[in-house]
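Asks: Okay, here's what each chain looks like letter by letter:
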Amino acid sequence: MSVQLDPQGQLRHLISTEGLPRELLTRILDTAESFSGVLGKSVKKVPLLRGRTIVNLFFEPSTRTRTTFELAAQRLSADVLNIDVATSSTSKGENLLDMLRNLEAMQCDAFVVRHADSGAAEFIARNVAPGVSVINAGDGRHAHPTQALLDAFTIRRHKGPLEPLTIAIVGDILHSRVARSQIHALLGLGAGEVRVIAPRTLLPRAIEHLGVQVYEDMDAGLEGADVVMMLRLQHERMQGALLPSEGEFFSRYGLTEQRLEGSHPEAIVMHPGPVNRGVELDPRVADGPRSVILRQVTNGIAVRMAVMSIVLGGQGEAPTEPLEEVAN
Amino acid sequence: MSVQLDPQGQLRHLISTEGLPRELLTRILDTAESFSGVLGKSVKKVPLLRGRTIVNLFFEPSTRTRTTFELAAQRLSADVLNIDVATSSTSKGENLLDMLRNLEAMQCDAFVVRHADSGAAEFIARNVAPGVSVINAGDGRHAHPTQALLDAFTIRRHKGPLEPLTIAIVGDILHSRVARSQIHALLGLGAGEVRVIAPRTLLPRAIEHLGVQVYEDMDAGLEGADVVMMLRLQHERMQGALLPSEGEFFSRYGLTEQRLEGSHPEAIVMHPGPVNRGVELDPRVADGPRSVILRQVTNGIAVRMAVMSIVLGGQGEAPTEPLEEVAN
Amino acid sequence: MSVQLDPQGQLRHLISTEGLPRELLTRILDTAESFSGVLGKSVKKVPLLRGRTIVNLFFEPSTRTRTTFELAAQRLSADVLNIDVATSSTSKGENLLDMLRNLEAMQCDAFVVRHADSGAAEFIARNVAPGVSVINAGDGRHAHPTQALLDAFTIRRHKGPLEPLTIAIVGDILHSRVARSQIHALLGLGAGEVRVIAPRTLLPRAIEHLGVQVYEDMDAGLEGADVVMMLRLQHERMQGALLPSEGEFFSRYGLTEQRLEGSHPEAIVMHPGPVNRGVELDPRVADGPRSVILRQVTNGIAVRMAVMSIVLGGQGEAPTEPLEEVAN
Numbered sequence: 001m002s003v004q005l006d007p008q009g010q011l012r013h014l015i016s017t018e019g020l021p022r023e024l025l026t027r028i029l030d031t032a033e034s035f036s037g038v039l040g041k042s043v044k045k046v047p048l049l050r051g052r053t054i055v056n057l058f059f060e061p062s063t064r065t066r067t068t069f070e071l072a073a074q075r076l077s078a079d080v081l082n083i084d085v086a087t088s089s090t091s092k093g094e095n096l097l098d099m100l101r102n103l104e105a106m107q108c109d110a111f112v113v114r115h116a117d118s119g120a121a122e123f124i125a126r127n128v129a130p131g132v133s134v135i136n137a138g139d140g141r142h143a144h145p146t147q148a149l150l151d152a153f154t155i156r157r158h159k160g161p162l163e164p165l166t167i168a169i170v171g172d173i174l175h176s177r178v179a180r181s182q183i184h185a186l187l188g189l190g191a192g193e194v195r196v197i198a199p200r201t202l203l204p205r206a207i208e209h210l211g212v213q214v215y216e217d218m219d220a221g222l223e224g225a226d227v228v229m230m231l232r233l234q235h236e237r238m239q240g241a242l243l244p245s246e247g248e249f250f251s252r253y254g255l256t257e258q259r260l261e262g263s264h265p266e267a268i269v270m271h272p273g274p275v276n277r278g279v280e281l282d283p284r285v286a287d288g289p290r291s292v293i294l295r296q297v298t299n300g301i302a303v304r305m306a307v308m309s310i311v312l313g314g315q316g317e318a319p320t321e322p323l324e325e326v327a328n
Numbered sequence: 329m330s331v332q333l334d335p336q337g338q339l340r341h342l343i344s345t346e347g348l349p350r351e352l353l354t355r356i357l358d359t360a361e362s363f364s365g366v367l368g369k370s371v372k373k374v375p376l377l378r379g380r381t382i383v384n385l386f387f388e389p390s391t392r393t394r395t396t397f398e399l400a401a402q403r404l405s406a407d408v409l410n411i412d413v414a415t416s417s418t419s420k421g422e423n424l425l426d427m428l429r430n431l432e433a434m435q436c437d438a439f440v441v442r443h444a445d446s447g448a449a450e451f452i453a454r455n456v457a458p459g460v461s462v463i464n465a466g467d468g469r470h471a472h473p474t475q476a477l478l479d480a481f482t483i484r485r486h487k488g489p490l491e492p493l494t495i496a497i498v499g500d501i502l503h504s505r506v507a508r509s510q511i512h513a514l515l516g517l518g519a520g521e522v523r524v525i526a527p528r529t530l531l532p533r534a535i536e537h538l539g540v541q542v543y544e545d546m547d548a549g550l551e552g553a554d555v556v557m558m559l560r561l562q563h564e565r566m567q568g569a570l571l572p573s574e575g576e577f578f579s580r581y582g583l584t585e586q587r588l589e590g591s592h593p594e595a596i597v598m599h600p601g602p603v604n605r606g607v608e609l610d611p612r613v614a615d616g617p618r619s620v621i622l623r624q625v626t627n628g629i630a631v632r633m634a635v636m637s638i639v640l641g642g643q644g645e646a647p648t649e650p651l652e653e654v655a656n
Numbered sequence: 657m658s659v660q661l662d663p664q665g666q667l668r669h670l671i672s673t674e675g676l677p678r679e680l681l682t683r684i685l686d687t688a689e690s691f692s693g694v695l696g697k698s699v700k701k702v703p704l705l706r707g708r709t710i711v712n713l714f715f716e717p718s719t720r721t722r723t724t725f726e727l728a729a730q731r732l733s734a735d736v737l738n739i740d741v742a743t744s745s746t747s748k749g750e751n752l753l754d755m756l757r758n759l760e761a762m763q764c765d766a767f768v769v770r771h772a773d774s775g776a777a778e779f780i781a782r783n784v785a786p787g788v789s790v791i792n793a794g795d796g797r798h799a800h801p802t803q804a805l806l807d808a809f810t811i812r813r814h815k816g817p818l819e820p821l822t823i824a825i826v827g828d829i830l831h832s833r834v835a836r837s838q839i840h841a842l843l844g845l846g847a848g849e850v851r852v853i854a855p856r857t858l859l860p861r862a863i864e865h866l867g868v869q870v871y872e873d874m875d876a877g878l879e880g881a882d883v884v885m886m887l888r889l890q891h892e893r894m895q896g897a898l899l900p901s902e903g904e905f906f907s908r909y910g911l912t913e914q915r916l917e918g919s920h921p922e923a924i925v926m927h928p929g930p931v932n933r934g935v936e937l938d939p940r941v942a943d944g945p946r947s948v949i950l951r952q953v954t955n956g957i958a959v960r961m962a963v964m965s966i967v968l969g970g971q972g973e974a975p976t977e978p979l980e981e982v983a984n
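Protein chains in written order, with the numbering used here: chain P, 1 to 328; chain R, 329 to 656; chain F, 657 to 984.
Chain P on its own, in the form it takes in the complex:
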């Protein structure tokens, strides 16, 4: 998606992981790595984005997601403005464009956009002024690129380079913006094999064309996997015609210790959160030694700091000195 890169090939917006060059994906992870060091200190803050204004523009409420972006911005010393756009009339057309024009005129530097409609983040990115960046925090069923990047970052930290790895994504692939973004990010980073495991009713048509292996059988799909990425099952899906019941879903696709035995002995287990215990994962797995679910959350701050600093600053590296050394 060419809207994401400027003419020099630098990342200007992050809308999707689809089509991002491998070196750019790698640079984001490398930058996140440098921020991870900062976050381990007691002064978890760098002055990189001081005097810049980042707007959390949430057309769909999500305290959880907003919190991660707000923390990332604070730890880059940016000023943050939280705007919840409640009325549907403002979330489209002329009124939306007017709001963007106004926020740009107030010299805001970046918009973190969450929207219930697929394509909304790209629409906004195509309509913002030069010099303003857009970061997609989830748009409809389309994409959730920072989640996919933090997942890739977590895999790399625990399992090393992605080339030799077999990675299985399990659950409601059809409705998942997370799965879509994960597939593009992992393949873009050169992952050895990416599998999707789901009942036929929860698989998009022609998903094979993305370059993934498709499994309807959980045990076959987990065979030898180095990484097992579970998706969140939306409760509303389970009440529809696509799935008979939570219990039946768990019996076929829930991750248990027994099922994990077929995977690689050092396989890690991931989930974007919040976990429905007993639906997607057995609690013993979710809270067990292979789970890196909370590491994903921690890594999410560093990855979002990396994305913000790259789209706003064009820098690829965090400063080696945190704020305490710089300002005092």
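Label pairs and their in silico Cβ distance ranges:
(1) Pro-611(R) to Gly-140(P): 24 to 34 Å
(2) Glu-257(P) to Ala-785(F): 20 to 30 Å
(3) Leu-538(R) to Ala-86(P): 34 to 44 Å
(4) Asn-455(R) to Gly-918(F): 31 to 41 Å
(5) Lys-92(P) to His-486(R): 25 to 35 Å
None of these hints come from the bench; they were simulated from the model.
These numbers were taken from a predicted model, which means no experiment stands behind them.
Even glycine gets a Cβ: it sits at the ideal position worked out from N, Cα and C.
Put chains R and F on the given structure of chain P with help from the hints.
Replies: Chains R and F alone, transformed into the frame defined by chain P:
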């Protein structure tokens, strides 16, 4: 209104533009000019109000207006507290005074007040402790002084000194706190001629006594105007008896390219936003080359920074060095 | 309550004033004393908690209380995150623990917790990760320790050491988390005599065992008191069977100038706010020369800064130099 000035004639509160001395109005605009330079840099921040606390005390919700004050405060490095006072019981009498006493006791330095009742900001200013300043962000039909000041600032930037200018204000003068504040600010700054253009039903009685020329006919009123300031038409007015319909209003008072031809060839077009396209302005005018509507938004941050720094610091000048030079 | 202290006896969480060692209570007040000096300056800010993240986790809404903690955190230069947990499903059990795990994973340093259920703050403290601190901002009828500490601080500032003082607490002791925390704090600090004054229906059983003197008669209880601490009467209690009417309550337990005559000639009058004028206090007393009610509010910021800095930093002293000297 003497509540605004301290015994030394310094601005302590900004409640209204009425009666402000010309040199004080000029000083606000000059200070805003110096902040405009800061806002053009990537580090849009000065340490002028570090350690000071500014409270956005909004008795009437307005994300848009709150945002402009919040950004202005952040860019002065002040701490900001947003308090939305939802219940009507707290917005009056003893409960209101108790809330003020408490916020003062917490050593807050300034209240930015928005209230549906005319006179509320002045009431609060008359009741705050010494050392606390009040900035009116719109009170009923009474006043909206920062809007008027940013308008005057925008005119001065585009057209130079106000003395030779003919400025036309068009629309619902009767219900507009913006119009009232504009008239006082522009005449206070020595504007050559201020005209109001509206149907008789939307004009206050005896408006001439303020020193303005009154026109019911749009074309006559625009004749030779250097500046055309359109007002926002509130939808609720249009459903009442005062106005027959949006369509008829537009046909008589809507600003079109054709109508603009009667004004000065280099006339600028202004609007406090958000624009009702096709009601107050033809979209081609709103988005056309004469429109400075988005410049008003940009200037609004600098003007609000100027007002905050003057009422809190007594300084008339922004520092020439932004935060990066000062703190690092 | 041993959850509050770490193995070295340092304060890690503040859940209750019950059982806190006297030297620790004294250290909190001494630290607050040093912050009081900072708050009197125009730059009311110290860099003690720069780069630390404090989360206001409010399961029960209270703008007033949240504001005091937010200001305290800002003036310590901490980053603040406000999270209002609206849904009851998130306020308990697995979902609550998941939220805590996530906020910990985001490397938040402290949770300020307000909850309608008694024991919620302790539950959270027992379940947070090492390195994270919990400050109770009021849990059900259990405790409100920062209010009690700011009360003790206010008494010490106005009346000196607590040993020789007779302190009367008046009102709805039964339902008051404030009264409970005050009793423990005052006795822990060595107060000479603590009295509770209330009708039998508003006294907990066996309250004498805490070490207080019980009075049902207001005049007898106020006799010779150095400090009169009024409690807030919740309106909902007054509609129940426990109390006949506001008017009757005031006639028996309302604080008037006449009643105050029986107390020490230099007695001070306190109230945690907001005051129901004419119910708990005659307005002439609430706003009179003996009232230190607004000083309590001011002191509340310094005391909350002290608690935050102690649980997070382990320091007992505020820096002698405020931010301006340190950073510029």
